[in-house]
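Could you build all of it, start to finish, from the sequences and the hints given here?
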Amino acid sequence: MDLKDKLVASFMAFEGGVDLDHPVHEIRSEAMKVFEAQGFPEKRDEEWKYTSLKALLQNDFSVFPKQNDCLDYKNVKQYFLHEIDTYKIVFVDGAYSSFLSETTHQGIDVCLMSAALSKPKYLPMIEEYFNKIAPKDESLTALNTAFSKEGAFIYIPKNVAADKPVEIIHFATGNEAAVMLQPRSMIVVDQGAELQILERHRSLTSNAVLTNSVTEIYAQANAQVDYYKVQNDNLTASLIDNTYIAQGRDSQVSVHTFSFGGKLTRNNLHFYQKGENANSILKGVTIIGEKQHVDHHTLVHHGVPNCESHQDYKGIFDESATGVFNGKIMVQDIAQKTNAFQQNNNILLSDKATINTKPQLEIFADDVKCSHGCTIGQLDQDALFYLQSRGIPQKEAKALLLYAFANNVLESVQIPLVKQRINRIIAQKLGVQIGFDL
Amino acid sequence: MLSIKNLHARVADKEILQGINLEIKAGEVHAIMGPNGAGKSTLASVIAGKEEFEVTQGSIELDGEDLGELAPEERAHKGVFLSFQYPVEIPGVTVTNFMKSAINETRKAQGLSEMPANEMLQQIKEKSALLEIDRKFLSRSLNEGFSGGEKKRNEIFQMAMLNPKIAILDETDSGLDIDALRIVANGVNKLKGPHNATLVITHYQRLLDYIVPDYVHVLWNGKIVKSGGPELALELEEKGYDWIKQETTA
Ligand SMILES: Nc1ncnc2c1ncn2[C@@H]1O[C@H](COP(=O)(O)OP(=O)(O)OP(=O)(O)O)[C@@H](O)[C@H]1O
Ligand SMILES: [Mg+2]
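Heads up: the protein sequence lines correspond to chains Z and Y, in order.
Adding 3 to a residue's 1-based position in the first sequence gives its number in our numbering.
Adding 1 to a residue's 1-based position in the second sequence gives its number in our numbering.
Simulated from the structure, these hints should not be mistaken for laboratory data.
Where hints are given, some of them may not hold.
To be verified - In silico DSS-like pairs for lysine-lysine, Cα to Cα no more than 27 Å straight-line:
id: 1; chain 1: Z; residue 1: Lys122; chain 2: Z; residue 2: Lys91
id: 2; chain 1: Y; residue 1: Lys79; chain 2: Z; residue 2: Lys398
id: 3; chain 1: Y; residue 1: Lys101; chain 2: Z; residue 2: Lys432
id: 4; chain 1: Z; residue 1: Lys432; chain 2: Z; residue 2: Lys355
id: 5; chain 1: Y; residue 1: Lys101; chain 2: Z; residue 2: Lys422
id: 6; chain 1: Z; residue 1: Lys401; chain 2: Y; residue 2: Lys166
id: 7; chain 1: Z; residue 1: Lys152; chain 2: Z; residue 2: Lys167
id: 8; chain 1: Y; residue 1: Lys191; chain 2: Y; residue 2: Lys137
id: 9; chain 1: Y; residue 1: Lys101; chain 2: Z; residue 2: Lys398
id: 10; chain 1: Y; residue 1: Lys79; chain 2: Z; residue 2: Lys401
id: 11; chain 1: Y; residue 1: Lys246; chain 2: Y; residue 2: Lys15
id: 12; chain 1: Y; residue 1: Lys109; chain 2: Z; residue 2: Lys432
id: 13; chain 1: Z; residue 1: Lys422; chain 2: Z; residue 2: Lys91
id: 14; chain 1: Y; residue 1: Lys101; chain 2: Y; residue 2: Lys126
id: 15; chain 1: Y; residue 1: Lys166; chain 2: Y; residue 2: Lys126
id: 16; chain 1: Z; residue 1: Lys401; chain 2: Y; residue 2: Lys101
id: 17; chain 1: Z; residue 1: Lys398; chain 2: Y; residue 2: Lys166
id: 18; chain 1: Z; residue 1: Lys361; chain 2: Z; residue 2: Lys52
id: 19; chain 1: Y; residue 1: Lys137; chain 2: Z; residue 2: Lys422
id: 20; chain 1: Z; residue 1: Lys46; chain 2: Z; residue 2: Lys36
id: 21; chain 1: Z; residue 1: Lys401; chain 2: Y; residue 2: Lys109
id: 22; chain 1: Z; residue 1: Lys91; chain 2: Z; residue 2: Lys161
id: 23; chain 1: Z; residue 1: Lys124; chain 2: Z; residue 2: Lys152
id: 24; chain 1: Z; residue 1: Lys398; chain 2: Y; residue 2: Lys109
Put into structure tokens, the structure is as follows:
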């Protein structure tokens with residue numbers, strides 16, 4: 004049985020474990036139909052031209068992973084921002100780990116999707132927001148919706164700034180041969196509220212892991228959200244990250260995506276601007292080698308006047324790594340005075356590495372400022388010689404140039420510890436010891 | 002100190018250096034002059050170890066040690082310094098951090114520990130004062146958006162920080178205004194000593210009024226075709242290169 008058939012067949016079993024009378028269940032059933040009709044995306048699908056799931060889907064994934072043994076904190080501590088105080092929502096093989104988590108209902112809600120889906124007091128919020136911004140016709144998102152049950156749920160009420168960042172961590176332990184995980188998260192940051200989030204997926208096994216994650220984020224008027232995605236997983240783990248963001252008037256949302264590895268990583272990051280003067284910031288650093296693959300598909304939908312968007316993605320590809328950047332900017336006819344900026348720069352360190360980069364501008368308003376640029380190059384040999392001639396060894400000189408290349412994406416990271424961690428991972432990826440502080 | 006024997010070098014299929022011989026002793030200043038395209042910058046790059054150029058014959062020795070097989074950074078660690086004719090802009094790396102990396106990597110290669118932060122600061126302060134460099138420059142990205150003259154001054158600042166045995170200054174005077182020329186030349190002179198040497202590449206006699214050479218060489222078509230004392234530079238200033246070309250081809 005292929006994975007699609009297996010998933011379709013297991014939907015009935017899944018229904019046995021959820022509340023069928025809950026309004027969300029109708030949404031699930033509809034979504035299941037969409038997935039059943041469409042199946043997994045294939046290469047002939049324009050949006051999946053350069054990213055093939057074919058090999059990955061050959062794995063015999065377990066779609067309901069067995070409940071895990073507890074993870075020992077000291078073995079996974081390194082994946083936490085343990086030096087600072089944070090809220091933590093931690094999942095192990097898709098199940099909530101209360102032992103590793105630190106949630107709250109005091110002033111803000113930092114808790115679980117399963118709680119939001121079962122407790123009556125959250126029903127109005129679920130009805131208002133659940134699956135409202137996620138596209139209904141996208142098969143992988145529909146698949147996640149069909150099986151939506153667990154994930155993070157965060158609500159920050161009006162004019163409250165969350166007192167500490169929230170970490171959302173998904174561990175896969177590999178007690179089984181291969182696992183498929185489908186976390187479903189929802190984050191609502193109400194008017195004038197503020198939130199910082201760090202999300203990571205980490206496989207602790209050499210067995211195959213496929214995560215198909217959906218996160219919906221609602222940033223209301225004047226809200227401020229900083230979201231950091233750390234994608235630094237092992238070579239048998241793959242991630243399809245679908246993140247959908249709706250922004251109200253005067254809100255600012257930034258998403259930084261640090262893609263440092265995994266077998267296959269696909270980021271579908273969509274911003275929908277719904278209120279004037281919204282600002283969307285999308286930044287990414289990709290550093291991969293071996294046969295790793297990272298695909299960024301971004302969409303910024305400018306649906307109202309006077310908004311801004313800034314996209315800046317840097318990619319460094321070594322060995323046989325492959326990359327994709329597809330940045331879509333859509334400016335509707337009423338979205339006058341839009342200022343949309345997009346930049347994608349890439350360095351290929353090997354003859355075998357490739358990057359496919361494509362800006363896609365669909366502009367229906369006439370009074371807008373849109374700029375985009377993409378570059379693909381090699382390391383600047385003259386710059387390298389210059390650094391070496393001052394005594395900096397070739398390896399360090401290369402690292403310094405690459406680090407400088409990626410640096411302006413790091414500058415906007417608001418949590419110093421996150422910046423420090425990313426710096427350390429970059430140095431490690433580039434194979435050098437130097438602590439960069441440029 | 003620096004001993005170059007029968008040096009031939011090429012890039013692609015073009016033989017640019019065609020048998021250079023040059024002996025520079027500790028404490029000396031040598032000047033190389035020559036028409037555009039003669040191979041002056043190529044010679045400088047080959048000494049510094051640029052891999053783009055292939056050395057087909059001959060040798061370069063520093064204090065008796067063959068540099069031939071050494072990477073550019075290893076030559077730097079042994080005391081070779083090149084002030085570039087066209088310094089490269091490196092966005093994202095500040096002058097200060099670049100200097101720290103360069104000094105500490107050099108010290109590491111020499112088996113020394115890292116320079117303590119306060120000493121580093123003191124050095125930076127002293128050397129930037131020597132070259133009258135505004136401290137603001139030091140926190141800017143290396144050469145990015147620097148004017149032509151600022152780049153050259155920054156090269157000599159780096160030289161002062163690294164304190165090389167053999168400094169090769171490739172047209173350091175070009176792009177400098179009159180005051181800057183004096184400041185830079187003064188900086189170079191202050192760094193001169195009995196244990197190091199300087200090779201100045203220039204088109205103009207003017208620089209040599211400030212940095213007085215012991216020997217002047219004329220490079221043409223990849224060869225040193227004439228050598229003499231400081232008076233040779235004056236003669237070239239007056240008469241150009243034609244007479245030497247005629248003398249050589251005769
Ligand atoms: N990478 C290269 N590929 C091909 N030709 C080169 C390369 N580098 C230098 N050359 C050629 O070698 C010759 C010598 O160049 P070089 O830069 O050494 O001259 P120069 O004496 O420094 O001239 P200038 O006074 O103009 O600075 C020139 O004809 C130049 O075009
Ligand atoms: Mg030159």
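Task: Hint check, failures only - done: none
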